[in-house]
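Asks: Given next are the chains, with one letter for each unit.
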Amino acid sequence: MSKPRYTIAVTGLNAIDSPGPGVAVIRGLLEAASFDARIIGLAYESLEPGIYMPNLTNHTYQIPYPTAGTDELMERLTYIHSRENIDVIIPNFDAELYSFMKLEPKLKQMGIRMFLPTFEQFEERHKVNLTKFGEKYGIDVPLGIAITDPAEIYKHEKELDFPLMVKGKWYDAYIAYNMEQARNYFNKIAAKWGYPVILQKFVHGTEYNVTGLGDGKGNTIAAVPMRKQYITDKGKAWAGISIADENLMDLTRRFVESTGWRGGFELEMMKSNDGRYYLMEINPRIPAWVYLAVGVGQNIPEALTRLALGEKVEPYTNYEVGKLFIRYAWDMIVDRSEFENYSVNGELKKDEHGKETL
Amino acid sequence: MKIKHQIAISDTGFLFNPATGESFTVNPVGAEIINLLREGHTWQEIIDKITEMYSVERNSFEKDLHEFAGIMKMHQLLDKDE
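Residue numbers (the numbering used here), protein chains in the order written: chain A, -18 to 339; chain B, 22 to 103.
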């Protein structure tokens, strides 16, 4: 029986030192057992490596930054859809999710499906609201306080104690060991990501992450926990290993069940030295290390696509424990014409061999 | 002293704890002790077997075994009630 062929548009092609998830998501889609995928890349910057990587995308289009507003994004997506007839879009950046969530009904009318969290889920798990989230669902969360003025750090110094985490609304997190560092990081983060900035109690321990997929009805379709083995100076996992930890799996299932989570997610956990798990962050999308999940038997991008298309997806029940992912840097040699083509026309088409076509 | 049942050890002495993702390497005698633990041997039986196999003073080995057990406990490789 022949497999269906879907056209799937994916963002997050910035496979850089702090990578977007797009390339890993595409690898999962290209290895899907239940369908063939034709990949449309959606990129913001002309130097996102995924635009130029061979055998990855069939065609990549530039899209406007979220700050440009949803009208501009809609206009661009309408144009791309008229050329490519997209079946599914998988957005992979936190900062763009809101725009795509807002456009979901319109895109659905056009025949484009997505599988995203609801507005309520998206807001509730936001870093700014995480402490309340923990209280509501009975999950240990380190005390976090959202502030808009660096003077407020003095006010909360006693409750939080040094060292403390200073986190951006969307990205970036630093450990501040004293007031001067906390103020510096506050200013740095506020200049880049705006307000509020989040102060969070520091938890000593080991970092564990779980990537998974909820079907929106409380069922966990996929879940793979990983211990970070090698962490970059930006706190990103450069290597990790799949583990079998029932406490983490229970916590994940409880999270999905109690929130009725819809879509991909990543739980960032810290196991304190006394063995307690603290939920540090919930990312409302597939993480960049998702290819480990694919590699150990749970193809989350494939399952998410099928859910988006309204298919019934059976939950994955196991995965291989003790498999590592190790990220690496690889220099591509790219013709200037490809860079030029993308920069000038805002799109780049590739043939079946991954070569540029005009 | 009981080692957690899910701990895997290879012939090369590479030990992996699937619950935490931590891995360690132990020397051949360490591997032998871990394998004896996995087979369910008691503390005394391990001392008997190792001192039979190697030319080592019983007291001296017992001290080393205590230290080794302490390290395993620290890395959460032993069952909780140990």
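Everything labelled a hint here was simulated from the structure, so no lab data went into it.
Even glycine gets a Cβ: it sits at the ideal position worked out from N, Cα and C.
Be careful, since some hints might not be right.
Claimed, not checked - No more than 25 Å apart at the CA atoms, straight line, and that leaves these computed lysine-lysine pairs for BS3-like: (1) A:K89 - A:K136; (2) A:K169 - A:K139; (3) A:K173 - A:K217; (4) B:K70 - B:K84; (5) A:K173 - A:K150; (6) A:K150 - A:K139; (7) A:K252 - B:K70; (8) A:K252 - A:K182; (9) A:K209 - B:K70; (10) B:K25 - B:K94; (11) A:K304 - A:K209; (12) A:K252 - B:K84; (13) B:K25 - A:K304; (14) A:K209 - B:K84; (15) A:K150 - A:K182; (16) A:K215 - A:K87; (17) A:K252 - B:K23; (18) B:K84 - B:K23.
As the list claims (entries may be wrong) - What follows is a set of in silico ranges between Cβ atoms, one per label pair, in the way DEER data are often shown: (19) B:L86 - A:T187: 23 to 29 Å; (20) A:T298 - B:E88: 58 to 64 Å; (21) A:G50 - B:I92: 55 to 61 Å.
Asks: Please go over all the hints and tell whether each is borne out by the structure.
Replies: Here is how each hint holds up against the structure:
1. Proximity of A:K89 to A:K136 is assessed by CA-CA distance (about 47 Å); at most 25 Å being required, the pair is judged violated.
2. Between A:K169 and A:K139, the direct Cα distance comes to roughly 23 Å. Compliance with the 25 Å bound is thereby established for this hinted pair.
3. A distance of roughly 19 Å separates the Cα atoms of A:K173 and A:K217; the hinted pair therefore holds under the 25 Å criterion.
4. Between B:K70 and B:K84, the direct Cα distance comes to roughly 15 Å. Compliance with the 25 Å bound is thereby established for this hinted pair.
5. Restraint check for A:K173 and A:K150: the C-alpha separation of about 10 Å stays at or below 25 Å, so the hint holds.
6. Of the pairs offered as hints, the one joining A:K150 and A:K139 holds, with about 23 Å between alpha carbons and a cut-off of 25 Å not exceeded.
7. As the CA atoms of A:K252 and B:K70 are separated by approximately 38 Å, the hinted pair breaks the 25 Å bound.
8. Of the pairs offered as hints, the one joining A:K252 and A:K182 holds, with about 14 Å between alpha carbons and a cut-off of 25 Å not exceeded.
9. For the suggested pair A:K209 and B:K70, the alpha carbons sit about 39 Å apart, so the restraint of at most 25 Å is broken.
10. Using a Cα cut-off of 25 Å, the hinted pair B:K25 and B:K94 holds, with the two alpha carbons roughly 10 Å apart.
11. Restraint check for A:K304 and A:K209: satisfied, since their Cα atoms lie roughly 12 Å apart, inside the 25 Å limit.
12. Taken as a hint, the A:K252 and B:K84 pair is broken in the structure, with Cα atoms around 32 Å apart against an allowance of 25 Å.
13. Distance restraint check for B:K25 and A:K304: the Cα-Cα separation of roughly 20 Å lies within the 25 Å cut-off, and the hinted pair is therefore satisfied.
14. With a CA separation close to 35 Å, the supplied pair A:K209 and B:K84 exceeds the 25 Å bound.
15. With a CA separation close to 16 Å, the supplied pair A:K150 and A:K182 stays within the 25 Å bound.
16. A C-alpha spacing of about 37 Å is found between A:K215 and A:K87, which places the hinted pair above 25 Å, so the restraint is violated.
17. Only pairs whose Cα atoms come within 25 Å are accepted, and A:K252 paired with B:K23 is accepted, the gap being roughly 24 Å.
18. A C-alpha spacing of about 18 Å is found between B:K84 and B:K23, which places the hinted pair at or below 25 Å, so the restraint holds.
19. Judged by the Cβ atoms, the range 23 to 29 Å given for B:L86 and A:T187 holds: they are separated by roughly 27 Å.
20. Checked against the hint of 58 to 64 Å, the C-beta distance between A:T298 and B:E88 comes to roughly 41 Å, which is inconsistent with it.
21. Checked against the given bound of 55 to 61 Å, the beta carbons of A:G50 and B:I92, roughly 59 Å apart, stay inside it.
Violated hints, in rising order: 1, 7, 9, 12, 14, 16 and 20; the structure is consistent with all others.
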